[in-house]
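Participant: Please build the complex by placing chain B on the supplied structure of chain A, with the hints as guidance.
Protein chains: 2
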Amino acid sequence: MTAHTVSKGLDAFFNPNAIAVIGASDNPDRIGGRPLHFCRQAGFAGALYPINPTRDTVQGLPAFASLDDVPGPVDLAILAVPAEQIADTLRACGHKGVRGAVIFSAGFAELGAEGQAAQDELLAIARAHDMRLLGPNCLGFFAARSGASGTFSSGLDGGIPARGKVGLITQSGAYGTHLLSMAKARRLGVAAWVSTGNEADVTVPDCLAHMVEDPDVSAIGIYMEGVKRADTLLAAIERARILRKPVLIMKVGASDVGAQAMHSHTASLAGSDASFQAAVEQAGALRVDTTEEMFDILYAASVAPMPAGDRLGILTVSGGAGVLMADAADRHGLSVPPMPKDAVQRMLVRNPFASPRNPVDFTAQAINDFGLVTDFLDEMMQHGDYDAYVGFFTSWAGAARLGPMLFEALTGALAGFDRPFALVGLLGDEMAARYDAAGIPSFADPSRAVAVLAALARLRAGFDRPAVAGALPHLDDTGLPATPLSEAAAKARLAQAGIPCLPEEVAQDAEEAAALAERMGLPVALKILSPDIAHKTDIGGVALGLASAQAVQDAAAAMLRDIPAKAPHARVEGLLVTPMAGEGVELILGSQRDPVMGPMVMVGIGGILAEVAPDVVLARAPVTPDQALDMLARLRAAALLDGVRGRPAVDRAAVADAIARLSVLAAANADTIDSIEINPLLATPDGILALDALIVPRGRDAEEDP
Amino acid sequence: MTAHTVSKGLDAFFNPNAIAVIGASDNPDRIGGRPLHFCRQAGFAGALYPINPTRDTVQGLPAFASLDDVPGPVDLAILAVPAEQIADTLRACGHKGVRGAVIFSAGFAELGAEGQAAQDELLAIARAHDMRLLGPNCLGFFAARSGASGTFSSGLDGGIPARGKVGLITQSGAYGTHLLSMAKARRLGVAAWVSTGNEADVTVPDCLAHMVEDPDVSAIGIYMEGVKRADTLLAAIERARILRKPVLIMKVGASDVGAQAMHSHTASLAGSDASFQAAVEQAGALRVDTTEEMFDILYAASVAPMPAGDRLGILTVSGGAGVLMADAADRHGLSVPPMPKDAVQRMLVRNPFASPRNPVDFTAQAINDFGLVTDFLDEMMQHGDYDAYVGFFTSWAGAARLGPMLFEALTGALAGFDRPFALVGLLGDEMAARYDAAGIPSFADPSRAVAVLAALARLRAGFDRPAVAGALPHLDDTGLPATPLSEAAAKARLAQAGIPCLPEEVAQDAEEAAALAERMGLPVALKILSPDIAHKTDIGGVALGLASAQAVQDAAAAMLRDIPAKAPHARVEGLLVTPMAGEGVELILGSQRDPVMGPMVMVGIGGILAEVAPDVVLARAPVTPDQALDMLARLRAAALLDGVRGRPAVDRAAVADAIARLSVLAAANADTIDSIEINPLLATPDGILALDALIVPRGRDAEEDP
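Those protein sequences? They're chains A and B, same order as listed. For any residue, its number in this note's numbering is found by taking its place in the first sequence, counting from 1, and adding 121. For any residue, its number in this note's numbering is found by taking its place in the second sequence, counting from 1, and adding 121.
Same shape as in the complex, but just chain A:
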């Protein structure tokens, strides 16, 4: 191994020339002994300096009484000493010119204010010496290429993981160890693993930014609890997207009870889980719920090429498994288009018992005529033009006679093929590793194989997306007052930003109502104005679609005459006249400043039903009109915008423009405005109309927020 050049950033950790272990133990099972032991096991070729004033040698290496006694420079220090010695030790590291320090000890910010102060001191020492800190309260890290293993995680017990292309980043040490152990159990090749603990300095986003640039790392899995430095996180995800490296994120605390448990367990700010999800997926990462899902996708991404689209070709020896995989494709958003008719004909000539449409069932005839497998696969590869393939071969894949035949056939047919092929079969670890090496990931459960291909397709769609979709709308004036606004003022401000609002005026008698109606433009709606009448419709207090001045006057006169009799105790303050907004779809459009992720814009289906079964899409503000169109397409009830029951489609472009304009306002005023809400926003075939609006400045209770 050649000597490494230590550059800035996190190279002091992942790529050091010399490591000192302070508090080094001769016992390779102890916390102070493990890093030394693991570094040597992992083949670290740089200098290793055990620091231990009581011994001449540690694990066979010459020991030093103190860091100052070390003859050469030290890039990385592993601090395996008690919490109360950390600050002094860190100062010594600074004086020695150490560039990175790993602090295992707990007893800092996780204990409350006093611990936080002690942790702040560590950070100040590190900053003063231009030194990066990993931890405290972390399990350290492991880097496959350099062999640097600044960790005591039991995840390295029983052996270093197979060298591979996957990077793993975890806030939790214990869960990080679980991840590392699962990765080893699943033959997932690991390039680097890091646990960030309390994140006094180095955070999950910092590690992601580092790993993204590492040519050894081709896919990254993250386990996180709270988010520090959302901007760094999103920028690193965006960078990974441009470099076409999948980023998978497990973030816990999605549920109320989970979030509650998390905030008792970490010191993280409580942002909204939905905002987090929207922002990281917008940047190009994929949020996953379970560890197995994350590993499945990392595994496939580190073995196979990425699919260019959502068209799945299904090859199978079992009709039933074919149907099962077609169902799974549908569930996960992949399409299963049929083979071209001439190819179907050729395959039927080749095997009259086959069902070669897609799923392509070559049947168990292949036991006696093995060429069927490659012939059918060739047809699919050459004429099906699928973006991804899955092949169900059940126990054949591991069988004594058929297994090697299948391996030859598949690796031969797929050599150099640039689209992913997932094998479903029952096979031993050795055969599976051979398939891995040939670029063919394997799964026992067909549903899981299809789910993974779908996830790869989603990631690849993110890679292919241009960095910026369209331009943000230009607003002449994005300023909003930081004080409460009346509804009328809010509407006026939105109208000024290019979001039209519905006017409404109050008439005191029937004649004035008719005059207002003619001025506004007919038809109009008329409503009795009374703070005491909740259900106006029930007592004739609402008239809709009044199409002439006479009709307005008649209806107004009838209301003013009849309603006092129906509701004798109600104060009647007049009649509200508004133009008929026309038929349309009621939406909700709004922004909300998330304490963690910043300004978010939201569009949703309006109306009372949406209150109990919300249908909303979030994005980080600002968004372009193109991005806003994409938000609309992701509404569960998006088809409502296309016209239902013979209604015409609404003007999606106008809605998208309003979303973009509101998002620009929200982003420009993120420091002073908490939320903007237009509810309802009426979308019609001819445009949009804000029927009601609210702008809420940030309150004093939000001030504790940095």
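No lab work stands behind these hints, which were simulated from the structure alone. Keep in mind that this is a model prediction, so the values were computed, not measured. Each residue gets a CB set at the ideal place from its N, CA and C atoms; glycine is no exception. Please note that a few of the clues may not be correct.
[Claimed, not checked] Rough simulated footprint, nothing fancy, chain A against chain B, three-plus residues with beta-carbon under 8 Å:
1. 405–415
2. 533–544
3. 564–577
4. 594–600
5. 724–730
6. 756–763
[Unchecked claim] In silico BS3-like pairs for lysine-lysine, Cα to Cα no more than 30 Å straight-line:
7. A/687 - B/648
8. B/687 - B/648
9. A/687 - B/305
10. B/687 - B/657
11. B/305 - A/305
12. A/657 - B/648
13. A/305 - A/349
14. A/687 - A/657
15. A/648 - B/657
16. B/687 - A/648
17. B/305 - B/349
18. A/687 - A/648
19. A/657 - B/305
20. A/657 - B/657
21. A/648 - B/648
Facilitator: Frame of chain A; chain B shown alone:
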């Protein structure tokens, strides 16, 4: 092994005294050799008769030239002969008094009409001799207790599965083999496995009905494509429910493309997937999407007790894993209530660094103080009163020092405990098997452990449900004409069945409108009646909430005066007068005869939004009002019924009564009525009102249906 008594049903297969293999091969790898080989491997202790006219012995057993040459009685015949010899061979079986026959050969109904005729002939022969048929085109069966192994499935290659309590039923032979192989790879103990193929006689429901009564079988997994004998299936599921045996069903063909592939692959009728799901879950089974999900649940159900409710206690060595499991619990519908305060205090005294609320994080302190594990578990068992427990112990479970300590601690604490405890950890097969034997299922992925406990809780809730919830409403007359009904006639018929309908009448002029309104009761709605005006509201053609005769007359006069000017080409046929239905929630209530599952009743949220994002619940008709209340509770937007934005709750009991009444009508007329639809059904605080109704008789095109 003692001799078995052959009883009726499927005992001839699973529990025979004597088996003949017709077409027996000396080569244990061939189709005719495998059943003999497997029977002996599985320890079948009855008589085994190879039938082969060309050999004296087969696999060391004396061979017979024909079935007639066999000296004693034969219960079960395995027919490993070509399709064209099956009929004659079956006749010979009949003459010999064989009770059950397994037919491996393909070449019957799956090939079309001619094959169907050949298959019908087989069934006729079997019926004539009171003999049951398994297949044709199947892979046979395997029974652990008797060792009877009438199969050539490669799923038995490399060894018979571990003896256990799980029954597996599959239509697909190839996927059935995959299931058997996966079961073996996952150390799932198998009691019986059967593949039904073309189901000329024995169907999946028949096998289920048999296995449910087998004391060796405690949980059953089914893989199915089409459904034959829905009534048998539902009755067997109901029987399993009463015997408290979990039934898990994977039914493929849920997606359009999957269904299309399936119908090209099987000869099954196309019922609705939603009807299937509703009916089997109503009967007490659980539908699962993936094989791993099915095996996870079967595994846990065959190892652990069932949870009595949905309260999950989470014990963990990692705060992060605790949060992750709390999230998973929320996702899968389990609750995570906190520990009592005094217990929390005791645990904090025991370990001040713990977070002992729930999740209960005992922390890695337990490495040095192992009693923390049992102390905290004891607190949770004695004071938490959880229905199910999950414990996260990561690599501890398989570690050299901690592994055995943990095993002692957990098995000691949990011995005889009647609630499930799922262990999450990384452990070898041997340790996992020891935990299994101790009633503690183990998983590597915490999310998966929680998902399984949630599935067990759902199954157990089904077990606890009384067989009949309440009584069906009594209808004096359930007859419906089998001919088309006008809307008015349909409403009248529904009103007679106890479902009130909204009247509407037509007025020709303003005076008549006012008179009708007074007769109906004020307030009323008034609408212009014209086949040519689609958007009545836009031109003033709708007036709502008219509260006096004068207001009706004014509004009617205005419409008749103004609308001809607005819409000069529209034919105006009069004015529609209806009572104001009042505020309420629009529902859809209907029935639909499913070609496979029979009459289904459906309730859903109404309105235009529901058209694009449907929110409906199905059940097999008839249902009692209690069952109907349960349907309402399962609507995604069920909260709408409780009143939103200050509205009062609607009368759920009235809605449920209407659902039950309609379901009784649908069930009573299943032979002649295709569908009944009430859309909308207005639910108000005071009751319900059908605003529109349609009754559709079965058309001639439905007649091909048996």
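Participant: Taking the hints in turn, state whether each one holds.
Facilitator: Against the structure, the hints:
no., hint, verdict
1, 405–415, "holds (count 4)"
2, 533–544, "violated (count 0)"
3, 564–577, "holds (count 5)"
4, 594–600, "violated (count 0)"
5, 724–730, "holds (count 4)"
6, 756–763, "holds (count 5)"
7, A/687 - B/648, "holds, 23 Å"
8, B/687 - B/648, "holds, 15 Å"
9, A/687 - B/305, "violated, 77 Å"
10, B/687 - B/657, "holds, 11 Å"
11, B/305 - A/305, "holds, 23 Å"
12, A/657 - B/648, "holds, 19 Å"
13, A/305 - A/349, "holds, 29 Å"
14, A/687 - A/657, "holds, 11 Å"
15, A/648 - B/657, "holds, 19 Å"
16, B/687 - A/648, "holds, 23 Å"
17, B/305 - B/349, "holds, 29 Å"
18, A/687 - A/648, "holds, 15 Å"
19, A/657 - B/305, "violated, 69 Å"
20, A/657 - B/657, "holds, 21 Å"
21, A/648 - B/648, "holds, 19 Å"
Against the hints set out earlier in the document, violations occur for numbers 2, 4, 9, 19.
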